[in-house]
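Enquirer: Given the sequences, and given the hints that come with them, work out the whole structure.
If you're matching them up, the sequences are chains R and U in order.
Using this note's numbering, you'd call the opening residue of the first sequence number 1 and step up by one each time.
Using this note's numbering, you'd call the opening residue of the second sequence number 1 and step up by one each time.
FYI, nobody ran anything at the bench for these hints, they're computed from the structure.
Predicted model, so just to flag it, every value in this text is computed and none were measured.
One or more of the hints may lead you astray.
Treat identical chains as interchangeable: a pair holds within one or across any two.
To be verified - Listed below are the simulated DSBU-like cross-link pairs for lysine-lysine, each with C-alpha atoms no more than 30 Å apart in a straight line: (1) 311 x 300; (2) 103 x 319; (3) 11 x 103; (4) 362 x 319; (5) 149 x 19.
Protein chains: 2
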Amino acid sequence: MVLMYSNEIEKALEAESIKVWDTVRITKSGEAYEGILMPRTEAGDADILVIKQKDGYNIGISFKGAAISKVSSLETMPQGRGATASAQAKAKAPAAPGHGAPKVALLYTGGTIGNKVDYKTGGVYALTKPEELLNEVPELGGIAEIDAKKLFSIASEDLSESEWVAIADAAAKALNGGAKGVVVTIGTDTMHYASAALSFMLQGLNAPVVLTGAQRSSDRGSSDGFLNLICSAYLASRSDIAEVGICMHDTSSDQRCALIRGTKARKMHTSRRDAFRAVNSAPIAFADARGNLTYNGQYKRASPGGGGAVKAVTGLASKVALVKVYPSSDPGIIGYYRERGYTGMIIEGTGLGHVPNFTSEKSLSWLPAITEAIDCGMVVGMTSQCLYGRVNPNVYRTLRMLSAAGVVYCEDMLPEVAYVKLKWLLGNHGPEEARKQLPRNLAGEITERIEYSEFPE
Amino acid sequence: MVLMYSNEIEKALEAESIKVWDTVRITKSGEAYEGILMPRTEAGDADILVIKQKDGYNIGISFKGAAISKVSSLETMPQGRGATASAQAKAKAPAAPGHGAPKVALLYTGGTIGNKVDYKTGGVYALTKPEELLNEVPELGGIAEIDAKKLFSIASEDLSESEWVAIADAAAKALNGGAKGVVVTIGTDTMHYASAALSFMLQGLNAPVVLTGAQRSSDRGSSDGFLNLICSAYLASRSDIAEVGICMHDTSSDQRCALIRGTKARKMHTSRRDAFRAVNSAPIAFADARGNLTYNGQYKRASPGGGGAVKAVTGLASKVALVKVYPSSDPGIIGYYRERGYTGMIIEGTGLGHVPNFTSEKSLSWLPAITEAIDCGMVVGMTSQCLYGRVNPNVYRTLRMLSAAGVVYCEDMLPEVAYVKLKWLLGNHGPEEARKQLPRNLAGEITERIEYSEFPE
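Expert: This is the structure:
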């Protein structure tokens, strides 16, 4: 039985004489998607068109605001497009999961998604076996062939650079071993630091690497972990995204998850399920529990021919600091870091990237200490504690002084991302190269132009 | 000529047999407002009801979602309500500004609102005379009798505790000298630190103290300073709010300004005109260029009889630090602050209030350093770098360990506000009292229950 799409969609199909299995072109929000129009499945949403793209993967596109046109009919398909015809043939009999289904590596690292309440103390403790997690979400087996591996079980506040290296190495190994994508389950508190680290480390990435977790443990009725995991598995197994992203709830409801670029995400709420936000950016895709994927913006697409090997470039300088300035803050801590051999520092300045300079109490002026540190070879980058927006050294005289002293203005980069990036740059390059690369876009961490809608009103 | 209100309002008035000059009761969002229904003025919005309250001040209430009922007719007004009758009489002939108009003290401290572009360098420099600012906004003279005073001209990044003390002293002096309210023009970058300081310092406050500024200098077409100043003057001269607040654009349009509680505001964007947001809270009022005031939530009302004298309690401990933790952050900086005699520290923890504890690299564990500092008498408070939401020491075992060590969990307080509060507590009390008061609500800095709508979706 072929289920009907919504009245609105069926009308549009009739107007264009489009039948299921025809190749169609859907345009939406300035993006175009081409593929074979799939029949609506029992689990499918009547408002979401599903097409099978040339790479064999299905994507779902909400019809709201979209236009559809016919590229070719099934009957009149030109010769020489065997790949498409083959995809059509396969589409009629979807591959049974587990047999020819895409392989996804699931890397378990700890965090709330694997937590249970300790009924003795009322506190929460971590599970030790990732299998327990998989058993709780049997749907995963219907999405992809999951190869689960426990790397370690560490709470997110205790993660540091050595764990990021281990995750990057395991992700590269899995992808080079044939996995279609990677899901990393990880604690949420520092997930955005980890996603930034993986974004810089995984060079030559040609597949999705999806970090996910839970704000509430799995034995709570309101747990978000199930949907987050399912959506992550769909994104890792069926999207053509070749980036590192964070997949968590898009809103407070269980409607769908958002995939936020790994260098543009930030945890903005202590407890809400939609705590992660795309700052100075928009999510790059959405996924729902039925596997409908909606692409939302520009992203790096996987090369259809497959890329070369993924390389984990995991050098990280240990001696880099993230320093926030504030009224009456003491610039003496720069000396503390210098004495300990620090080679880099990211400042969370105020507004457009200021530090206290002309304070009534002279010992609270930061410019001399910063200048001295730079003169001694430290790389110093500037971000804003506002989080949203962009630093700019060209507006105020005092900013020009900082810029002239050698402070690198980091555009619209989040402070946390700039911190991770500088650690990575100094871990793999000398200070000159690090200073040069810091304000350049390497992994989507800098947005040329911020859309106005990307600051929530 | 009496202008009509909107059709919807006129219908509601007819249904209740209400005429202009009748005393009415308007209920909206659980709040009730009583006063004389004023005729719509030429400049008035047809959708906004204006009533004159008992204190003689007009407020505007958007009729959307409101209900109106009659309290008494002008004709049938009972004897002995002379005050109201007198107010009615006055209402027919509004007081000429400058003669009997409310007095407002305008304290000029510097910042972009007084900036001009230097056409030689293209950079921006600060004006030196507040009169120049007043001359650019002649509307102010029609709102209140403005008594402008320049305290200093310092960019916001250079403001520190001594300037907050000077502003608090000047505000208290103005209010004790008969001002109806105070407007402070100040740089925006650290405005929320200053508003928090004034919120704690101004004890016995019975009038509005409104901080305002500009994101763009006055010679730019998109300058927000004019509307911000006008709305601030209305709020300072005509509202019954007895709190410190920040008045800046509510959205990116020039429609209205929001007044955000001084202890709940944060600058969340480097350049947008609506950069200030109420975090874990909602704005307490809105104002527009016509003087329509809309109250939006709970706030401390001025006592109609007038309070006693306002006292500026300006003690501030200099040796307090705001410290953010992050992956691979060095707990050794606690030692740096201890050696310099610091008596307090606010931590920006991750998530619900964590610090790195059980890191693979033992020297990166924060718990021992924190415990030692507390044992030596330092007051340590915990907030979250998520900004939105609330820290909670009762969820995870590791949080209980921090709490047991004596770390004070600061509920839903912003890190910047907790920092200012701890400086103030330690500047006026001993450490025991400071530790006790830190997690208690003193000036609206702690919200008992956060509304779900207060995190932007």
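Enquirer: Of the numbered hints stated earlier in the document, which are not met by this structure?
Expert: Violated hints (numbers, rising): 2, 3 and 5; every other hint is consistent with the structure.
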